[in-house]
Amino acid sequence: MAIDKEMVKRLGILSRLRIPDENMDEMVNELTKIIGWVDQLNDVNTDNIIPMNSVVEDMNLPERVDQVTDGNIRDDVIKNAPDQMDGYFLVPKVVE
Amino acid sequence: MTDLVELTVAEALDGLNKKEFTSVELTQAHLDEMAKARELNAYVIETPELALERAKASDERRQRGEKLGKMEGIPVGMKDLYCTKGVRTTACSHILDNFVPPYESTVSLNLQNNGSVMLGKTNMDEFAMGTANLTSYFGAVRNPHKDKNNPDKFLIPGGSSGGSAAAVSAGLCMCATGSDTGGSIRTPASFCGIVGMKPTYGRCSRYGMIAFASSLDQAGTMTRTVHDTAIMLESMAGYDPKDSTVVNIPVPNYEKALTGDIRGLKIGIPREYNPDKGLNSDVRHVWEKTAEKLKAAGAEIVEISLPSTKYALPTYYLIAPAEASSNLARYDGVKYGLRVDGKSLDEMYTNTRTAGFGKEVKRRIMIGTCILLEGYYETCYLKAQKVRRLLCQEFAEAYKKVDVILAPAAPETAFGKDDDSTKDPLKMQLYDIFTVPSSLAGLPALSVPAGFSDINGLPIGLQVIGNTFNEETVLRVAGVIESVSGMPYRPLRIGGK
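Protein chains in written order, with this note's numbering: chain X, -6 to 89; chain S, 4 to 500.
So that you can see chain S by itself, here it is in the shape it has in the complex:
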């Protein structure tokens, strides 16, 4: 039965409906696969009893002929950023040691109400701050893919949703939740050869998601196929009175958007995403090849310009830490999580926060606090918010001419855990260069595997960026890229079959 872990969500739903296997069998197969692949460190907590209990309940619902959810019986991985009632949730930070939420996040609740079965909580960068999953309190995650020139090299999966990406890629779940503030779904999706989608800001509820930068944080999906993305997104999105930034509009049937027909669609290629330096030749090659194939499939390729693109990174690295420094003020050793005692209340706060936060998180809190100081507030923070509006206006202009934008997801393929670049935070930030502009504009953006590197054999993802609340066109184009690329979508079974 172990081959059950190779199925896509769509195939598994079909098999469950035809009674070829049960959700308990499907869930057990994934739990077995997780046990064989612990070296990846993809999960920080496994919940086998809860999973089998929910799988059994799902099988009983099916048996009794009750109304079934859109993901009835499907085993999923849950990023440790989502509060899950009764299951430890830490955002992979020491400061949330042993925090067991008394409530469930809306996204995980929606998935549960649609019949899905949570297998455990996946590893991530501490508070989602990172691009390589190297800041997790629970240690690094290993990318299941291998560099063909150096197969023993420990490759990072990308971040911050690195555990989810590695788990989906290796068949340790059928799909997983991610969250994306500046690229945290799309970068790991590209590095691990899977599909990762950040929907429009306001499409999914942030209730119960541990906050990083609230004007940017968005829930999203990590799957092995575009079809599975459509199924999963529909299962987790939607209006929620508990989050005032969720927009109250109906969630479309995303599966219907996958027509495979892109004839007449205009696909924009932004020239600013093709710098002389800072984009590897293998990525550029896949990007150009894919544009040609889309043209052959009937789309029109249009060169566009987004002149403020180069200002997106500094804008992001002002706005995100500013919001983070405010959001993370709540961790004070009083209400939950770690406490390190002190002689006074203030000393207890300081001792707790100094011991509880990791280096990168402290760095961003300090930056955020600095730019919110009188003197920097006007010149840094407000300035960044103004440039953010300019970036949005440029995208809005672009979408008068094109239906979607095609761009790289990351400037290169997965890199090594001990590479020099991982030691320099400013260099690490450059990996976000193609993902932060659409984050700042709140646009739906998806990374889909489009080819392998001709240098190291690693997967390369391309981004399809759509207009606000137009996830459907993004999915349609991504579906065509998936079929013309011929990229494999079966998991990389690192523990053997």
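The following block holds chain X by itself, in its conformation from the complex:
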């Protein structure tokens, strides 16, 4: 799967980032360079190696009692919203 303008456009849509036409070539170039550079990992033999998600994987995940530990902080939670009404986050109209 080659990195081309179509690919960068698709990545832009997935990332919700607009890549202006004048930056397209730069981004194609950049991604191509990075993917080429990390290609060296193929020199490493990783047969039978399990991917590592976390360095604390051999510890037991703690469990806690399933109960509310805070709450009644709606106004605090909503305080930073760019747009809000009656305790709700407001967004542009979604349903016609």
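Treat the hints with caution; some may be incorrect.
[Said to hold, decoys possible] In silico SDA-like cross-links for lysine to any residue, where the CA-CA straight-line distance does not exceed 20 Å: (1) X:Lys26 <-> S:Asp423; (2) X:Lys72 <-> S:Leu376; (3) S:Lys362 <-> X:Ile6; (4) X:Lys(-2) <-> S:Arg333; (5) X:Lys2 <-> S:Gly361; (6) S:Lys362 <-> X:Lys86; (7) X:Lys72 <-> S:Arg333; (8) S:Lys245 <-> X:Asp36; (9) X:Lys72 <-> S:Asp100; (10) S:Lys88 <-> X:Thr62; (11) X:Lys86 <-> S:Gly345; (12) S:Lys430 <-> X:Asp32; (13) S:Lys245 <-> X:Val61; (14) S:Lys88 <-> X:Arg11; (15) S:Lys346 <-> X:Arg11; (16) S:Lys362 <-> X:Asp32; (17) X:Lys(-2) <-> S:Gly378; (18) S:Lys245 <-> X:Lys(-2); (19) X:Lys26 <-> S:Ala60; (20) S:Lys149 <-> S:Met490.
[Claimed, not checked] Partial list, derived from the structure: chain X residues whose beta carbon lies under 7 Å from chain S: (21) Arg11; (22) Val21; (23) Leu24; (24) Met52; (25) Leu54; (26) Arg57; (27) Val58; (28) Ala74; (29) Gly80; (30) Val84; (31) Pro85.
[Unchecked claim] Anything over 12 Å on all C-beta distances counts as not near chain X; from chain S, calculated: (32) Glu63; (33) Gly142; (34) Lys346.
None of these hints come from the bench; they were simulated from the model. Note that beta-carbon positions come from the ideal geometry of N, C-alpha and C, so glycine has one too.
Got chain X sorted already, so can you dock chain S onto it with the hints?
Same frame as chain X, but now just chain S:
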């Protein structure tokens, strides 16, 4: 009273206990020093009223003979990555414009509960993505150190915790928090001539730290002495039910680890950290000299091999952007921060994110999104996770033979803001070459000033890398390096006394 800013944390605690001065006086001295050094751009927000209020409360606790915290009355700088209740927190990104957290991060809360006094929020690379503090929305930070051949040159402090490093180095706080994903504490510590420690992954809570790459992010300390590191780390570390990756084991008394005795300790020198190209001669010189001095102090120097070291950088630059692209999906203009309106919900998301993120952050989101695509996921992301395990296994093997590893922190000293290397992201990534392997393995690693460059007179830090949860041995060895190096630990007062 201005000389109060020259004290170490340990000395200040002593002075406070002996009632030689108050926390209000100590705090005011630092606020005055901050005002004299604004050209460094170390702080993005100063909180003088809050600081004096907390200092006064600390003095009253002391007056009343209440139980005191481990950092009672000590003024600290807080990296803008830590959510602080009621104080603007942006991770130095435009997309978090005017975000005022309704809650406090566990690390900053622990420091507060131990009596420390926050002076303000320090500058950093946007979302901690950078090695030079050049990606901050609030502009570059200036390193208080000067190149002796070119004293007017604007030197970067290193990143991403560049504001914290410059502030500690210049006496604009007694110590500061940093965070380290791939070297963001150790590189600036080396460039600014201070001590920076990234503890073991799982030692400090990440609750309330703005996330970059969650399997790597770790809170840490930036101080002027190893003793102060011990005090500060003990004050911020520990189990936290709010972060499931914090390990529930007791936090040792780190000050007790500073025995000054390293006789019989085995110190590993990894030969892969000494490439023909990519390590400056002045750094190599300090590294070799320090190893000799440690040997003279009774340690045994052992050559070791970590063969996969050269694969650490590409591994890191796959895993970190992948995690970042997921973590940064939350910035959508709905719940907090910047919003740029659009005709539809999707257009609003895109407008907001396009305007809100800086160039380097966008670049990493795009890379991360790319390697998580079907087709790249197996060959890039999973492959990197497998190499990560190999790297960990090599470290584990090494620690069967040695107690700690001694390595450079950065391949060179602080560079100029406008140097050519700062324009090329791939070149900038190479500065992380000695710090990312221990990040990927989650190991405790500390950078301690070990000498000055014989070329430009700038400070050079060396890394002491320890085995998992063995911060104590790291601190012990770093303490000895500090005393044999004879490096100065008083702040560089750029505004004069």
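Taking the hints in turn, this is what the structure says about them:
no.: 1; hint: X:Lys26 <-> S:Asp423; in the structure: holds, 18 Å
no.: 2; hint: X:Lys72 <-> S:Leu376; in the structure: violated, 36 Å
no.: 3; hint: S:Lys362 <-> X:Ile6; in the structure: holds, 17 Å
no.: 4; hint: X:Lys(-2) <-> S:Arg333; in the structure: violated, 26 Å
no.: 5; hint: X:Lys2 <-> S:Gly361; in the structure: holds, 18 Å
no.: 6; hint: S:Lys362 <-> X:Lys86; in the structure: violated, 30 Å
no.: 7; hint: X:Lys72 <-> S:Arg333; in the structure: holds, 17 Å
no.: 8; hint: S:Lys245 <-> X:Asp36; in the structure: violated, 40 Å
no.: 9; hint: X:Lys72 <-> S:Asp100; in the structure: holds, 13 Å
no.: 10; hint: S:Lys88 <-> X:Thr62; in the structure: holds, 18 Å
no.: 11; hint: X:Lys86 <-> S:Gly345; in the structure: holds, 10 Å
no.: 12; hint: S:Lys430 <-> X:Asp32; in the structure: holds, 17 Å
no.: 13; hint: S:Lys245 <-> X:Val61; in the structure: holds, 13 Å
no.: 14; hint: S:Lys88 <-> X:Arg11; in the structure: violated, 33 Å
no.: 15; hint: S:Lys346 <-> X:Arg11; in the structure: holds, 15 Å
no.: 16; hint: S:Lys362 <-> X:Asp32; in the structure: violated, 24 Å
no.: 17; hint: X:Lys(-2) <-> S:Gly378; in the structure: holds, 17 Å
no.: 18; hint: S:Lys245 <-> X:Lys(-2); in the structure: violated, 43 Å
no.: 19; hint: X:Lys26 <-> S:Ala60; in the structure: violated, 55 Å
no.: 20; hint: S:Lys149 <-> S:Met490; in the structure: holds, 16 Å
no.: 21; hint: Arg11; in the structure: holds, 4 Å
no.: 22; hint: Val21; in the structure: violated, 11 Å
no.: 23; hint: Leu24; in the structure: holds, 6 Å
no.: 24; hint: Met52; in the structure: holds, 6 Å
no.: 25; hint: Leu54; in the structure: holds, 6 Å
no.: 26; hint: Arg57; in the structure: holds, 6 Å
no.: 27; hint: Val58; in the structure: violated, 10 Å
no.: 28; hint: Ala74; in the structure: holds, 6 Å
no.: 29; hint: Gly80; in the structure: violated, 13 Å
no.: 30; hint: Val84; in the structure: holds, 5 Å
no.: 31; hint: Pro85; in the structure: holds, 5 Å
no.: 32; hint: Glu63; in the structure: holds, 28 Å
no.: 33; hint: Gly142; in the structure: holds, 23 Å
no.: 34; hint: Lys346; in the structure: violated, 7 Å
Violated hints for the displayed structure, listed by number in ascending order: 2, 4, 6, 8, 14, 16, 18, 19, 22, 27, 29, 34.
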